[in-house]
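Protein chains: 2
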Amino acid sequence: MKLHNVSTHRKYLCGVGVGPGNPKLLTLAAVEAIESADLVLAPTSSQDEPGRAEEIIQKAIGAIPIRRILFDMAKGESGIELRKSTALVAAKEIVELLQPGEKAVFLTLGDPNVFSTFNLLARSVASIDPSVEISSIPGIMAFQDLVSRSGMTLLDEEESLRLLVGLQVDDKIEEALKDSSSAVVIYKGGRNLPAIVELAKKTGRLEDGWIGVKIGLGESEVDRLQNIGTEPVGYLSTMIFPPKRH
Amino acid sequence: MKLHNVSTHRKYLCGVGVGPGNPKLLTLAAVEAIESADLVLAPTSSQDEPGRAEEIIQKAIGAIPIRRILFDMAKGESGIELRKSTALVAAKEIVELLQPGEKAVFLTLGDPNVFSTFNLLARSVASIDPSVEISSIPGIMAFQDLVSRSGMTLLDEEESLRLLVGLQVDDKIEEALKDSSSAVVIYKGGRNLPAIVELAKKTGRLEDGWIGVKIGLGESEVDRLQNIGTEPVGYLSTMIFPPKRH
Numbered sequence: 263m264k265l266h267n268v269s270t271h272r273k274y275l276c277g278v279g280v281g282p283g284n285p286k287l288l289t290l291a292a293v294e295a296i297e298s299a300d301l302v303l304a305p306t307s308s309q310d311e312p313g314r315a316e317e318i319i320q321k322a323i324g325a326i327p328i329r330r331i332l333f334d335m336a337k338g339e340s341g342i343e344l345r346k347s348t349a350l351v352a353a354k355e356i357v358e359l360l361q362p363g364e365k366a367v368f369l370t371l372g373d374p375n376v377f378s379t380f381n382l383l384a385r386s387v388a389s390i391d392p393s394v395e396i397s398s399i400p401g402i403m404a405f406q407d408l409v410s411r412s413g414m415t416l417l418d419e420e421e422s423l424r425l426l427v428g429l430q431v432d433d434k435i436e437e438a439l440k441d442s443s444s445a446v447v448i449y450k451g452g453r454n455l456p457a458i459v460e461l462a463k464k465t466g467r468l469e470d471g472w473i474g475v476k477i478g479l480g481e482s483e484v485d486r487l488q489n490i491g492t493e494p495v496g497y498l499s500t501m502i503f504p505p506k507r508h
Numbered sequence: 263m264k265l266h267n268v269s270t271h272r273k274y275l276c277g278v279g280v281g282p283g284n285p286k287l288l289t290l291a292a293v294e295a296i297e298s299a300d301l302v303l304a305p306t307s308s309q310d311e312p313g314r315a316e317e318i319i320q321k322a323i324g325a326i327p328i329r330r331i332l333f334d335m336a337k338g339e340s341g342i343e344l345r346k347s348t349a350l351v352a353a354k355e356i357v358e359l360l361q362p363g364e365k366a367v368f369l370t371l372g373d374p375n376v377f378s379t380f381n382l383l384a385r386s387v388a389s390i391d392p393s394v395e396i397s398s399i400p401g402i403m404a405f406q407d408l409v410s411r412s413g414m415t416l417l418d419e420e421e422s423l424r425l426l427v428g429l430q431v432d433d434k435i436e437e438a439l440k441d442s443s444s445a446v447v448i449y450k451g452g453r454n455l456p457a458i459v460e461l462a463k464k465t466g467r468l469e470d471g472w473i474g475v476k477i478g479l480g481e482s483e484v485d486r487l488q489n490i491g492t493e494p495v496g497y498l499s500t501m502i503f504p505p506k507r508h
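Same order as they appear, the protein sequences are chains E and A.
For the first sequence, our numbering begins at 263 and goes up steadily by one.
For the second sequence, our numbering begins at 263 and goes up steadily by one.
To be clear, the hints were calculated from the coordinates, so they are not data collected in a lab.
Hints should not be assumed to be uniformly reliable.
Said to hold, decoys possible - If the Cβ cut is set under 7 Å, some of the chain E residues that face chain A in the computed set are:
#1 Lys286
#2 Leu288
#3 Ala291
#4 Ser398
#5 Ser482
To be verified - Keeping only pairs whose Cα atoms sit at most 20 Å apart, straight-line, the calculated PhoX-like set for lysine-lysine is:
#6 E/Lys434 / A/Lys506
#7 E/Lys434 / A/Lys440
#8 E/Lys440 / A/Lys440
#9 A/Lys286 / E/Lys286
Predicted model, so just to flag it, every value in this text is computed and none were measured.
Just so it is clear, CB atoms sit at the ideal spot from N, CA and C, and this is done for glycine as well.
Next comes chain E alone, as it looks inside the complex (with noise of 0.2 Å):
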């Protein structure tokens, strides 16, 4: 998508949101951004294979090039670290091999400006080179898909929604789960799924809870979490509460 005049002076980079997994689920701008690119860039947890969002663009558009970002996910302050430092490195290549007027992309799962890698690495570009135009694209984020797929209502009239990371299970989630008016979503707390549903139970919102695990890929699961067990499941996870009605 030309989100502006483009000028033969200026570079680009447009981080485009590819939704949570189902190749159907790209908007039409995102399609038109991507074949329209000079430079497409994906995020990988290793270079020998592609990330999520480029197998989801293989899948909607076919076999196009990609110029893979080996991200490290590792948590806490050294993971951070890590992901600066990437961030950097990749962003002087874009600015190195992109000419005038040129356009990068860079592919991320869900929304652009939600929990992704774009926003770090568009600081890094405009660090080392502030007249780049830098641009996004939203995205159908995980817990929509998983919302439609459960056939719940997610929020009606004057409710309100909470959505938390799940890394640590502390008194935010159990502050947000007593919130009866409040939908509650919460992103990346499969491994403390034990936790998390003693919480629900506690707080009277077991019984409409629902969980997505792996959304974006292939073996995606989606049930009621008091289906589901209570071990651990992958970090790559969305629990999802209703607003309790009467």
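With chain E's structure known, arrange chain A on it following the hints.
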């Protein structure tokens, strides 16, 4: 999108999210579902004029026959009752019009499971004919478009999100803004803009806030909240505050 194997015995109703306004933000799945539908329905607030979802489809796909359903958007209990009776009348019509094996799609702005009339319609259809197979296709939400257009990072690392309705300005909005590690999204708060700006100032979040007014329409406006003045604006507005970052 054929979400299911089509049976010749059943009838189908699919809620299709058409995104926030830009026709390019439709998904491939939405376009496919609309183009293959036997009956396309869209909500409107005036029978003589297309609703916003219909306008988006006219731009994306062209003029197709669309059956308008008049939904009164009045607030409060009486508004809800009016929408319920409208949904019931529309549901009867859908079940009568559809032949076995045929599919109706109901267009909604944004996502069909988030503050839309689709779920109400679906429940009415299910109450009349429980054999109708109901599904939905997620859509890009207005706040995602606003985030993209503002250039902000909405969520990073372990930050969280609170999405609230601003029809009433109460403790919930203040509490959300006080939680500095949360991004805050406020829908439908345009008429309470002065009070919300006041709370944002009090909690130190005004300078990072953005507002989108009439995002789904041609004359949409996106700006920093502090540039927009303090007069009430239209109902169809979205305000966003990213987490406080250091």
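Verification of the hints:
| no. | hint | in the structure |
| --- | --- | --- |
| 1 | Lys286 | 4 Å, holds |
| 2 | Leu288 | 6 Å, holds |
| 3 | Ala291 | 4 Å, holds |
| 4 | Ser398 | 5 Å, holds |
| 5 | Ser482 | 15 Å, violated |
| 6 | E/Lys434 / A/Lys506 | 17 Å, holds |
| 7 | E/Lys434 / A/Lys440 | 14 Å, holds |
| 8 | E/Lys440 / A/Lys440 | 18 Å, holds |
| 9 | A/Lys286 / E/Lys286 | 14 Å, holds |
In terms of the numbered hints stated before, the structure departs from hint 5 and from no other.
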